[in-house]
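Student: Residue numbers (this note's numbering), protein chains in the order written: chain V, 9 to 144; chain Y, 9 to 144; chain R, 9 to 144.
Heads up, some of the hints might be wrong.
The list makes no distinction among identical chains, and a pair is therefore deemed to hold if it is satisfied within one copy or across any two copies.
Claimed, not checked - Simulated crosslink set (SDA-like; lysine to any residue; CA at most 25 Å straight-line):
| no. | residue 1 | residue 2 |
| --- | --- | --- |
| 1 | Lys79 | Leu14 |
| 2 | Lys79 | Met9 |
| 3 | Lys79 | Gly20 |
| 4 | Lys79 | Ala36 |
| 5 | Lys79 | Gln112 |
| 6 | Lys79 | Arg137 |
| 7 | Lys79 | Arg135 |
| 8 | Lys79 | Gly119 |
| 9 | Lys79 | Trp41 |
| 10 | Lys79 | Gly39 |
| 11 | Lys79 | Val144 |
| 12 | Lys79 | Trp121 |
| 13 | Lys79 | Gly22 |
| 14 | Lys79 | Pro29 |
| 15 | Lys79 | Ser28 |
| 16 | Lys79 | Glu62 |
| 17 | Lys79 | Glu13 |
| 18 | Lys79 | His19 |
| 19 | Lys79 | Pro63 |
FYI, nobody ran anything at the bench for these hints, they're computed from the structure.
Listed below are the residues making up each chain.
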Amino acid sequence: MFREELIFETHGEGDIIDLSPAVRDVVARSGVWDGQVSVFVKGSTAAITTIEFEPGVLADLRRALDVIAPKDAVYEHDRAWGDGNGRSHVRAALLGPSVTIPVQEGTLFSGTWQQVVLIELDIRSGRTRFVLCTVV
Amino acid sequence: MFREELIFETHGEGDIIDLSPAVRDVVARSGVWDGQVSVFVKGSTAAITTIEFEPGVLADLRRALDVIAPKDAVYEHDRAWGDGNGRSHVRAALLGPSVTIPVQEGTLFSGTWQQVVLIELDIRSGRTRFVLCTVV
Amino acid sequence: MFREELIFETHGEGDIIDLSPAVRDVVARSGVWDGQVSVFVKGSTAAITTIEFEPGVLADLRRALDVIAPKDAVYEHDRAWGDGNGRSHVRAALLGPSVTIPVQEGTLFSGTWQQVVLIELDIRSGRTRFVLCTVV
Numbered sequence: 009m010f011r012e013e014l015i016f017e018t019h020g021e022g023d024i025i026d027l028s029p030a031v032r033d034v035v036a037r038s039g040v041w042d043g044q045v046s047v048f049v050k051g052s053t054a055a056i057t058t059i060e061f062e063p064g065v066l067a068d069l070r071r072a073l074d075v076i077a078p079k080d081a082v083y084e085h086d087r088a089w090g091d092g093n094g095r096s097h098v099r100a101a102l103l104g105p106s107v108t109i110p111v112q113e114g115t116l117f118s119g120t121w122q123q124v125v126l127i128e129l130d131i132r133s134g135r136t137r138f139v140l141c142t143v144v
Numbered sequence: 009m010f011r012e013e014l015i016f017e018t019h020g021e022g023d024i025i026d027l028s029p030a031v032r033d034v035v036a037r038s039g040v041w042d043g044q045v046s047v048f049v050k051g052s053t054a055a056i057t058t059i060e061f062e063p064g065v066l067a068d069l070r071r072a073l074d075v076i077a078p079k080d081a082v083y084e085h086d087r088a089w090g091d092g093n094g095r096s097h098v099r100a101a102l103l104g105p106s107v108t109i110p111v112q113e114g115t116l117f118s119g120t121w122q123q124v125v126l127i128e129l130d131i132r133s134g135r136t137r138f139v140l141c142t143v144v
Numbered sequence: 009m010f011r012e013e014l015i016f017e018t019h020g021e022g023d024i025i026d027l028s029p030a031v032r033d034v035v036a037r038s039g040v041w042d043g044q045v046s047v048f049v050k051g052s053t054a055a056i057t058t059i060e061f062e063p064g065v066l067a068d069l070r071r072a073l074d075v076i077a078p079k080d081a082v083y084e085h086d087r088a089w090g091d092g093n094g095r096s097h098v099r100a101a102l103l104g105p106s107v108t109i110p111v112q113e114g115t116l117f118s119g120t121w122q123q124v125v126l127i128e129l130d131i132r133s134g135r136t137r138f139v140l141c142t143v144v
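Could you put together the complete structure from these sequences and hints?
Tutor: Shown next, in the form of structure tokens:
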């Protein structure tokens with residue numbers, strides 16, 4: 009098992025970072041030829057998934073998230089705590105905190121247009137996000 | 009590999025159980041210092057995810073699930089089988105049955121406000137749910 | 009670790025294939041008695057989840073996906089590229105590309121009504137989908 013933590017600064021709600029180059033580097037450093045890599049983000053207002061990293065698709069995903077948990081709805085979390093990020097929690101729980109990708113011949117077995125991404129869902133800019141990559 | 013089955017009684021649709029203490033205990037008993045733990049629920053009308061275990065957030069999640077698969081919609085599953093839990097199946101498929109969390113220094117690498125939860129989506133109260141924890 | 013690639017031809021948007029028999033065969037061939045199997049689909053317009061493989065439930069899932077990312081919405085991806093599959097990308101990112109299922113006593117630890125499925129979300133018929141099964 010090989011493990012590395014990646015640290016990212018995010019720039020507010022809806023910021024999406026392409027993790028693929030960094031994850032591919034971790035896999036290369038691990039020396040693992042055939043196996044799997046799990047990518048997990050710490051925290052309850054961010055998420056990990058795979059998507060084509062294309063500005064149009066990313067905008068479309070943001071809009072879909074706003075359908076599921078709209079900006080202008082009333083959130084019990086916000087009423088109780090005044091955090092204003094009730095929707096962030098809901099979206100993160102639906103997307104999930106991690107993804108597991110096969111490693112084949114030393115690289116990611118994922119489509120050409122299928123990138124691993126970190127999605128910042130919280131409303132505050134300048135958050136530090138800790139992403140743990142585990143190669144097995 | 010270390011494996012343990014956890015058994016829970018749930019109290020109807022929308023019941024959400026914080027699995028973190030039990031999962032942390034399994035990890036401790038496994039003796040694994042660095043690795044991963046997968047948490048999987050058997051059955052097609054329950055789900056596993058991570059979320060802040062705070063009553064407001066949980067209420068907000070329930071409402072979002074009702075947007076995706078509303079209580080008052082007509083479900084083909086219900087028309088065919090009269091089960092009344094068509095929405096439960098849809099919600100479970102979207103949330104997913106499992107989550108994989110890194111184990112670091114003998115404990116879960118997850119945020120302070122990021123709990124592993126079992127979400128009961130079925131409409132019948134008093135269901136027994138089988139959750140399998142696999143520590144690698 | 010044992011790995012096998014499964015190849016499927018899909019028949020357009022909303023086609024859902026029950027992977028359980030094939031995944032169970034891979035597990036049997038692996039000889040693994042206790043472990044886990046990860047099922048991952050290559051590409052950004054398909055998804056893997058678990059669901060009861062019943063026509064009514066599958067129709068209900070398709071309708072829920074149309075709520076999250078409707079057919080008749082305007083997609084930035086389509087405006088930029090004219091692909092017409094903007095909704096496919098959004099739905100795939102929300103569902104996710106993989107699922108990990110425990111293997112117990114040589115078979116899948118999943119419910120009787122809980123099948124592993126490949127969901128074709130792209131709009132073009134006759135796509136070839138590559139699914140990688142990794143048994144550990």
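Student: Next step is simple, just say for each hint if it's right about the structure.
Tutor: Quick rundown of the hints versus the structure:
Neither within a single protomer nor between protomers do Lys79 and Leu14 lie at most 25 Å apart by alpha-carbon distance, with minima of 30 Å and 37 Å respectively. Proximity of Lys79 to Met9 under the C-alpha cut-off of 25 Å is found in neither arrangement, the shortest distances being 41 Å within a copy and 43 Å between copies. When the C-alpha separation of Lys79 and Gly20 is checked against a cutoff of 25 Å, the pair qualifies only within one copy, where the shortest distance is 14 Å, while the shortest distance between copies is 29 Å. When the C-alpha separation of Lys79 and Ala36 is checked against a cutoff of 25 Å, the pair qualifies neither within a copy, at 40 Å, nor between copies, at 40 Å.
Neither within a single protomer nor between protomers do Lys79 and Gln112 lie at most 25 Å apart by alpha-carbon distance, with minima of 41 Å and 35 Å respectively. When the C-alpha separation of Lys79 and Arg137 is checked against a cutoff of 25 Å, the pair qualifies only within one copy, where the shortest distance is 22 Å, while the shortest distance between copies is 34 Å. Proximity of Lys79 to Arg135 under the C-alpha cut-off of 25 Å is restricted to the intra-copy arrangement: shortest distance 20 Å within a copy versus 35 Å between copies. Proximity of Lys79 and Gly119 under a CA criterion of 25 Å is satisfied inter-copy only: 24 Å between copies versus 32 Å inside one chain copy.
Proximity of Lys79 to Trp41 under the C-alpha cut-off of 25 Å is found in neither arrangement, the shortest distances being 44 Å within a copy and 41 Å between copies. With identical chains, the CA atoms of Lys79 and Gly39 are never at most 25 Å apart, being 44 Å at best within one copy and 44 Å at best between copies. For the homomeric pair Lys79 and Val144, neither the shortest alpha-carbon distance inside one copy (39 Å) nor that between copies (40 Å) is at most 25 Å. In this assembly of identical chains, Lys79 and Trp121 lie within 25 Å of each other by CA distance solely across copies; the values are 22 Å between and 29 Å within a copy.
Proximity of Lys79 to Gly22 under the C-alpha cut-off of 25 Å is found in both arrangements, the shortest distances being 12 Å within a copy and 23 Å between copies. In this assembly of identical chains, Lys79 and Pro29 lie within 25 Å of each other by CA distance neither inside one copy nor across copies; the values are 32 Å within and 32 Å between. Taking the shortest alpha-carbon separations for Lys79 and Ser28, neither the intra-copy value of 29 Å nor the inter-copy value of 29 Å comes in at or below 25 Å. Taking the shortest Cα distances, Lys79 and Glu62 sit within 25 Å of each other both inside one copy (23 Å) and across copies (20 Å).
Taking the shortest Cα distances, Lys79 and Glu13 never come within 25 Å of each other, neither inside one copy (32 Å) nor across copies (39 Å). Proximity of Lys79 to His19 under the C-alpha cut-off of 25 Å is restricted to the intra-copy arrangement: shortest distance 18 Å within a copy versus 31 Å between copies. In this assembly of identical chains, Lys79 and Pro63 lie within 25 Å of each other by CA distance both inside one copy and across copies; the values are 21 Å within and 20 Å between.
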